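Asker: One-letter residues, chain by chain:
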Amino acid sequence: MLIYVLTGAIKLLVVFVLLLLYALFMLWFERKALGFIQIRIGPKLVSSGLEGLLQPIADMLKTLWKEDIVPHRADKLVFWLAPVIGAMFPFAAAMAMPFGPPLKIGGSYFYLSVVHVNVGILYILAALGLTSYGVLSAGIASGGNKYSLISAQREVAQMVSYEVVMALALLNPILMAQSLDLYDIVAMQAHHLWFVFYQPVAFVVFLICMFATAAIVPFDLPEAEQELVAGFNTEYSAMKMGMFPFGQFVTILVMSSLMVIFFLGGWTGPIWNGHPWILGFIWYWIKVFFFVFLFIWSWGTFPRYRYDQLMNICWKILLPISVLNILWTGFALIIHIPMI
Amino acid sequence: MTSMEAIIFAIVSLIAVVGALGLVFAKNPYHSALWMVFSFVGLAGLLALLEAYFLTVLQLIVYAGAIVVMIAFVMMTIDFRKVGGLSKFVPQWLWGLIISFGILIDLFILASKMKIDVSQSGKNLAIAGSNTKALGMELFTHYLFPFELVAIILLVALIGVVVLTKREIK
Numbered sequence: 000m001l002i003y004v005l006t007g008a009i010k011l012l013v014v015f016v017l018l019l020l021y022a023l024f025m026l027w028f029e030r031k032a033l034g035f036i037q038i039r040i041g042p043k044l045v046s047s048g049l050e051g052l053l054q055p056i057a058d059m060l061k062t063l064w065k066e067d068i069v070p071h072r073a074d075k076l077v078f079w080l081a082p083v084i085g086a087m088f089p090f091a092a093a094m095a096m097p098f099g100p101p102l103k104i105g106g107s108y109f110y111l112s113v114v115h116v117n118v119g120i121l122y123i124l125a126a127l128g129l130t131s132y133g134v135l136s137a138g139i140a141s142g143g144n145k146y147s148l149i150s151a152q153r154e155v156a157q158m159v160s161y162e163v164v165m166a167l168a169l170l171n172p173i174l175m176a177q178s179l180d181l182y183d184i185v186a187m188q189a190h191h192l193w194f195v196f197y198q199p200v201a202f203v204v205f206l207i208c209m210f211a212t213a214a215i216v217p218f219d220l221p222e223a224e225q226e227l228v229a230g231f232n233t234e235y236s237a238m239k240m241g242m243f244p245f246g247q248f249v250t251i252l253v254m255s256s257l258m259v260i261f262f263l264g265g266w267t268g269p270i271w272n273g274h275p276w277i278l279g280f281i282w283y284w285i286k287v288f289f290f291v292f293l294f295i296w297s298w299g300t301f302p303r304y305r306y307d308q309l310m311n312i313c314w315k316i317l318l319p320i321s322v323l324n325i326l327w328t329g330f331a332l333i334i335h336i337p338m339i
Numbered sequence: 000m001t002s003m004e005a006i007i008f009a010i011v012s013l014i015a016v017v018g019a020l021g022l023v024f025a026k027n028p029y030h031s032a033l034w035m036v037f038s039f040v041g042l043a044g045l046l047a048l049l050e051a052y053f054l055t056v057l058q059l060i061v062y063a064g065a066i067v068v069m070i071a072f073v074m075m076t077i078d079f080r081k082v083g084g085l086s087k088f089v090p091q092w093l094w095g096l097i098i099s100f101g102i103l104i105d106l107f108i109l110a111s112k113m114k115i116d117v118s119q120s121g122k123n124l125a126i127a128g129s130n131t132k133a134l135g136m137e138l139f140t141h142y143l144f145p146f147e148l149v150a151i152i153l154l155v156a157l158i159g160v161v162v163l164t165k166r167e168i169k
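One line per chain: the protein sequences are A and B, in this order. Numbering-wise (numbering that gives the first Met the number 0), the first sequence opens with residue 0 and increments by one. Numbering-wise (numbering that gives the first Met the number 0), the second sequence opens with residue 0 and increments by one.
Next comes chain B alone, as it looks inside the complex (with noise of 0.2 angstroms):
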């Protein structure tokens, strides 16, 4: 039982790692967006792999549904042959390189610490029941006050960009 969910974890998070690569590598910027969606795909199963599904669909509708798909949407504008001839990597690689090679050594210093059970992966830590409804207690009840402030976050962006792009017209 728990080798078979082991399998899956992997099958999984390498769905997850490839995609993630692939939306790195790839050099048209159509192909990376179809890598992200892949990507996301497999942190979808991540988390319905830890039974919360709701949170896996939402993850499938926000972020690769929606998201995504507005990126793609700007796509309509560029010459994909002109990008595709473009250097893969901007100047800056190397300051890229080094953060997230910061990035990774800090995860795997807290993995360390934490003494996270490599024979546990894949097993299911999470509550039982519908974690819908314990989500949404906790969302309006303990946390409500940095909910409600995303939204105003929120807002304000999307004011900003009908502020920014009304500008010029008048």
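This is chain A alone, in the form it adopts within the complex (with noise of 0.2 angstroms):
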């Protein structure tokens, strides 16, 4: 029992160092790809040597002494709050998720991830749609300023909706590898092909939703700066309007894991698949950070959705589509079409 609590402990500081290293190196990856997209160089004089690598630390220094501002009508308690919400819920949905394959020591396993239960992907789910409190709350405690509210408006409505199609998207693969274990998930695919070559409309479904859940630019309408200012960030300042690019930065690590265990495959490769173990661990990430890539590659790209095309994007396409992918699995599993 006691060597239970204290792997678990264990395990829960090394990956919440990881995650802050990992949101710290995005900060500067974030800037660099940009920089390289439109052909700037961007960040580089802070440590000349490593390309500017040791610029986020320095940001997170200024951010550190910047001087706090609350708005005098603002909700003191809940504007307080809101930044720690939406910091806190994605790390928390990054607990469950699985940070490479499962070691095999002696007899059993040991799981790369923090929490370990049968419902892995429903928690993740739930913690990420928890983490819309955050934005929802900095924009009604900004003391009845238009563009927060306004951007917390947008930021709801759009959690809301794609997190249906979301759901109903992972759904297929779940029916498929008949559990909601994400180490079972991937287990159905080492036996099979990856389930991007059975579910393609379910992919390019949740590709979307991914880019909407993380409200990054074809879909970043809590943030739109043309229009909102900065939107739900317009009355934060110092450390607390820090705290939401973190979030954002883990949640966009967690949707990209996502991906690559219910779509291609986790830690399988197409070569050299599984053994020793360290081969699927190297598969693993260099498939997660390509998607953490593609975040960023389009939100140097895409232009923004207007508010209503987002909304009919969501209910009157994405939404039938899935339903009818989702009978269209139901049905084939039914009559037990064989998988390759």
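Any given hint could be a false lead.
Unchecked claim - Cut-off 30 angstroms, straight-line C-alpha distance, at most; resulting in silico cross-link-like pairs (DSBU-like, lysine-lysine):
no., chain 1, residue 1, chain 2, residue 2
1, A, K43, A, K61
2, A, K10, A, K75
3, B, K132, A, K145
4, A, K103, B, K81
5, A, K145, B, K26
6, A, K75, A, K43
7, A, K75, B, K81
8, A, K43, A, K145
9, A, K65, A, K31
10, A, K145, B, K81
11, A, K315, B, K165
12, A, K75, A, K145
13, A, K65, A, K75
14, A, K10, A, K145
15, B, K26, A, K75
16, A, K61, A, K75
17, A, K43, A, K31
18, A, K31, A, K61
Derived from the structure by calculation, the hints contain no laboratory data. In this text the structure is predicted, and so the values were computed from the model without any measurement.
Each chain sits in its own coordinate frame; assemble them with the hints.
Answerer: Pasting the structure below:
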């Protein structure tokens, strides 16, 4: 019992530190990749030899020393709570995310995620769903600032709509693997083709929902700088403002890993499959970081959808397609169409 | 082992009860909504203690994640200063008090009749293994008719909302 609690605590600490380091690295990577896409150089002065790799640390120190302004009309408690909620729940979601293939030690498996429950995917969806309270609270607590309020409204409508479609898209691999356990879903793909080949429609739907859930550029309506100043961020300053992108970066990582696990075979590779353990680990992180890069790629290249277009895409196109897709998957499973 | 579960049970149920009290007594409607989420997290913790993980996450997704978000969504149209200045309870508070007190007494009587052993609190009495599958099997075989009935009632509510809101436009 004690050893169980102890390993859990150590895992929690390690994952937390790794996620913080990842978010710092992402700050640099985002600016560098966006610079590359827009034919600029990007940050380079801090640590000139390392292509500005220490820039996020300088940014963070600067953010820490900035004055923390709270608007006079703001709801003080919720105003303070909002960035905490916005950063906390993506971290909570990452607790169930696998950080690599399970290690086989002796007869038992050692899982590289802090919690391993048999409803892992539902847990991640629940935590990501609660994330929207961060932006919602920020908008409402900003003391009647109209940009913040409109931004919060958009965020909530977007989250609620796309969560439905995302769950429906994920239902297809779940039905095929007959499990809600992330490890079981990968194990299923180790013996067959990757689910992207059986479920191309669900793959595309999930790809779209991925951007919408993380509020990245074609769907970054809550933050739309050109119309809403900075949306829910408008009244925030200093460290409070810095916490929202932290949460967003972790959401990006979790969504990428979900994508890889559900549709691209997790830690199975096209060649050098499975053994030794480290190959699976490398395959997994190559795929995850490709999708993390895809987020930034879309950030730098796409224009933004209008609000009504966003809702039309979700409710009039993606939802009927997903429902039909589930009907087809269920039918195919009942008449036992053989899987390759 | 049991004592540890009892401690966790105490913490989790405290979260649920404090959340519910905060929901009733908060003056700001948005604070009430946040307290409601807090309370639902406590309830999810109670379910997790029973190892009903599927119900735990459904509690979080459906109630904390979707329903309270929809309630909070409505609050976008509220002027919080005005609402904060209103008196805390509606004039019918006496009836509400009587009814909720009656329900509380009812629950106490039920608990004493059922001889619920308090020393067993927090102990897992649920079925072992994956209860997702068992739940699905029960829902779609034994309880299929009520299940479909609930689905139809929800559909009626959905259509009703659309009809009510579209009536003015034409």
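Asker: Would you pick out the hints that fail for this structure and give their numbers low to high?
Answerer: Per hint list: 2, 3, 4, 6, 8 and 14 violated.
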